[in-house]
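Undergrad: Order-wise, the sequence lines are chains Z and Y.
Using this note's numbering, the letters of the first sequence map in sequence onto residues 707 to 1324.
Using this note's numbering, the letters of the second sequence map in sequence onto residues 3 to 418.
These are calculated hints, taken from the structure and not from any lab test.
Every clue listed holds true.
Quick list of in silico lysine to any residue cross-link-like pairs, SDA-like style, CA-CA up to 20 angstroms:
#1 Z:K810 to Y:I45
#2 Z:K810 to Y:G17
#3 Z:K810 to Y:L16
#4 Z:K810 to Y:S15
#5 Y:K362 to Y:A395
#6 Z:K810 to Y:G18
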Amino acid sequence: MGNEEQGLKAGIEIHQQLNTREKLFCHCPPVLRPFEERNGEFFRYLRATESELGEIDRAAEEEMKNLRRFCYYTYDTTCLVENDEEPPAPLNREALFICLQIAKMCGMTPVPQVHTMRKLVIDGSNTSGFQRTALVAVNGTLPGGVPIETICLEEEAAQRVEGDTFSLDRLGIPLVEITTAPTMRTPEEVAEVARYIGMVLRSTGMVRRGLGTIRQDINISIPGGARVEIKGVQELDLIAEVVRREVQRQRNLLSLRDRLLARGARVDPTIRDVSSLFSKTKSSILKKAPCILAVLLPGFGGLAGEEIQPGRRLGSEFSDYAKKCGVGGIFHTDELPAYGITAEEVEALRNATGAGEGDCVVIVAADARRAECACRQVIRRAGLALAGVPEETRRMEEGGNTSYMRPLPGAARMYPETDVLPVRITGDYWDSIPVPELLEKRAARFAGELGLDPALAWQVVYSEYLPLFEEAVRRGVAPPLAARTILATVKEIARDGLDTGVLLEPQKTPGDPAVLTVLLAVAQGRLAKEAVPQVLRSVCQGTDVTLAIAALETRIDDAQLRAIADRLVQERIAFVREKGQSALGPLMGPMMKEVGGTVDGKKVSQVLRDAIRDALGG
Amino acid sequence: MNVFVPGDRVSFSLGGQPGTGTYITERDGMAVLKLDSGYNIGIPPEGCTLLERVEAPRPVTKEVSQDPSLPQLSIISTGGTIASRIDYRTGAVTSQFDAADILRAIPGLRDIARYTTRKISTILSENMTPALWRELARAVFAEIRDGARGVIVTHGTDTMGYSAAALSFMLDTPVPVVFVGSQRSADRPSSDNQMNALCSARVGVSDLSGVFVVMHDTTSDDRCAIHRGTRVRKMHTSRRDAFRTLGAPPLGYVSYPDLEVTLSPGATRRGEEEPALHDRLEERCALVQFYPGMPPESLRSFDSYRGLVISGTGLGHVSSGMVPVIGDLIEGGTMVVMTSQCLHGRVCDRVYDTGRDLLKAGVIEGEDMLPETALVKLMWVLGNAKDGEEARALMQRNLKGEYLPRSLAWETKSRA
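Please model the complete structure; the sequences and the hints are all you need to start from.
TA: Printed below as a string of C-alpha cells:
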C-alpha cells in the first residue's frame, strides 16, 4: 500500500444493463436507436416534490435552482410509459429472475417482498422525474471475499443527446445495481473488484454488452475527508486512476483548509454589483453580460488558484457550484488579468471590494437573477472549503478528474412507486433459481477438459459467441478449431472489409449460423479445416453456405492422394534421398497446392510421410 | 404477533444480518419497512421487534402569504389528482389535500391572484353524484355572489366533463368558472398539476365568462386549452392532453410558462350575464349505449325513468326491434333523446327508415350533443321545465353551447 492512499476506504456500485426481451416497466424492446430515427419530440418542466416525510431532497432541490426545459426524442420502439403518459406495466419477471440469479451467485438473501420505489432524479434523464428502483437482495459475499451489501433492480435513465435534450430509447432498460461494502483499501483493489463483479455478471449470459452497458460508481473517503460518490466510470482501466486522483483532491483540499484557517480566511457574504467597473472592458464575456457581481473571499488569495487535481483548482470547484445556476462559469483574481480583463480592471475591482493582498475576489457575469444565484453558490462552496471536503456526488471527467454534480442524495429522495404492485419472493421460487457456472470456472474447465490453451479459453468464455462455441463442441467440432474459427478467423475476414454478420447469426429460423454449418462439415470429414477460411469468405460474398462447402468439398480419395504423393516424391527423389524425412516440410507446400486445400493437412502430411518412407526404404 | 403503527422504529433480521427500519404499513401479510437508505422492503412481521415508538411529526403548516392588490379567486376542491398524496393504508395515491395545500404546493399561483379556498368533498371523481353537482353549483354561486373574480374547481379527471356540463346548465355566471385537474398525480415531479393550475388561475382572472375545463393541450408543457364545459370530453385514459373539445376548436389557449391567454372570437366575455342558480335536477335519467344484438326488452328496465339518452350507432340508430319498446317508453312518459356513439358529427334520423320510425315514435334528436352532455341536460331540463312540452322545447334549444349551430369542417380526427 502506498503512503498516499493510507486510510483510503472505497466501495463500488456496478450498474449493468440486462439483456431482457422487454424493458423493466413496459413491453418495448430494449434497443438503442440512432437519434436521426426519432419519430417525435416533446418537452417538459420538472420540479421537486415532497416525499411522504414532507422533506424535499437536497440533491433534487439543487437541480431546481433553475426552471429547466427538457426535450425528449421518441421512437417507434418507445411508448407512452417512457413518455410518462401511461402507468407502468408490472415489474419485468425475466429481469427479476436474472437479478435473483446474480444475488444467488453472491450468496445473498432475497427480500421476501420486493417494493418498487421512486428515486427522485430531476436532472431531466427521467421523464417522470424519478428512477424506479427496487431492493431485491441483501448481505452477500463475492466468491473473492468482498462483502456485497445490496442488489437492486432499476430502470436505466434516458440518454443525453446534448444539453437538456434526451433520447428515450434507453429509458427503462433493466439494470442491476450491485453495491459493495466500503472495504477496499487501494486503487488497484477497487479496479480488481470491479473486474471481478463484471465477470460474475457476465457468467449469467444475460447481460447486455458494449460501451455504456456497464458503469461503475465509486464511493471514496479518506481520514478527515468526506464520502464522495463518483458517477459513471465506464472504463475499467481508469478506475484506479480515478481513485488516486480523488484521494489527491481530498488531501489537497484538507491541506488548503489548514492553510486557510491558519491565515484566518473567511467568507464575506456580501454580494457587490461591480458592473460599472467593466463598462469599457475589452473582455467579450463581460461586455455582453447584463450584470457583473462580485464576492470577496478574505484570505483566499493565491489559494483559489492552487491546483487540487491535474488542471483543476479550488476555483474550478467554485465554478462547478456556480454553473448550477445556469451561468457559464466564474473568474477569480488568482487567474487574472487574463481573458481580456486588464490589470487596471483587476486593480479597480480590488479597490471597489476592499480586497487586500491576501484576498481573492470572484466575479460572475450573467443576468441579475443567475449572477446572484451563482454568487450565493460560490459563497456556499468557499464556506465548505474552510470545513474541508464536502460530501458530494461528482462526475468523472476525461483522464480521471472529477467535477461537482450535486450534494449526496439522502433518504428523502425515495418514495413508493404506487403504480407497481409489490412482488413476493417465496422460498420455493428462490430455491428454483439456478446458479450459473462462473466464467472463471468455465475457462478452467475448457482448458482442462477441452484442451484449449488457457488464454484462448478465457477469450472464449468472455466472448459473446460463447453459446455458439459450446453448441459447436457439443455437436462434435474439435474445440481448438471451433475457438480459433469463431474468435480469430471471422475477425480476420472482417478485417478484410467483408460483412461477417451472416456467419454468426442464423439466416433462417430455426437454423444454424453459417460458421457452425461449416465447422460441422469439417467434423464430418466432408471439408478440410484448411478450407474453412475460404468457405467463410465465399459465404460473406453472398454464396449460399451449402454451395460454398460443396465447392471445396474433399473429392480426392485415399488412393488418389497416395498417387499424387508418390509422383511428387519421385519428381524430387534426389532431394528426398539427401534430406530423408526432413524433406516432408518442403514437400507439403507443393502437395497442398495439388490437392487444393480440400484435404485435411494432417492427413496429407501422413500420406506424404508414408510415401517418403516407402521411397527411401524401397 | 407484534402490532406496529406507522412510524415505529423496528429491528429485523434478514439473511442472518440485523437491520433497522421504520414501519410503514402492512401489505399482503408483510410488514413494509422503510430502510435508512430510503428503500422499502416487505418482511414477515413476526421477524420484527419494536425498538421505539416515534411520535408522528406534526405537519408543518407554513403561512401562505397573499397579495391584497391582486384579484380574488375562489378555489373549490372536490378531490382528484391535482391534490393527492400517498396513502400508506392502501399504498395508493388518494385525494387528501384541501385547497389551502394546493397554494402551498403551487407557489406560482400567488403571483396571479389572492385566493379563498373551500372544500366540498375529497372524493375520486368516479364517486361524483348529481347531489354533489348541486352542492358544487351552490358553492360556486355563493362565491360569485360574494364577489369572486373567478372560481376554480379542482376535480378528478374521470368525470370532470360531466360536472362541467352540469354546472354549465345550473349556473348563469358573469365570471369564469374553471374546472382543472391533473392526469399524472401531484406527488411526482413531472405532474401536470402545476401547469394546469397556473393556466386555470390565469383563465380565472381573464376576460371570460362561462364554465370551462382548462387542461394540457399537447403532451408537451407548452400550453393549456380552454374548453367549453358542454363540449369537452376525456378522450384518453392517461395522456396529459386527454381533454378535447369535440367538433370545434377550443375557446382559447393559455401559453406556458408565460401564461398568455388567447381567446377565440366566439368566447363569451366577462360580465355579460347576471348570476343565477337553477339547481334542480331530475335524477331519474339514464344513458345507454346501443350495441348490435342488444335485447330490446332490456330497455324496459328504464320504464320508471323520466328521461333516457341513447347513444346510438352512426346517424342515431338502434335496431328496428327496439323501436316499439322505445315507443312504449315514450308513451309511458319517458323522454328519449338520441345521440351518436360516433361522438363526432350530428344525429340525423331522417335519412334511413329506422331513424324515421324513431322520430315517429317520439324520439328527440340530440343534434351533435355529446351523449354525456345530453344526459346532464336532460336531468336539468326535466328538473326545471314546467311541463313535457317545455322540456321537449328546451331539449331542442341550444342553451349553453352544447349544440354547434353549424357543423364546421374542423379537423375531427384524433391527433397522433
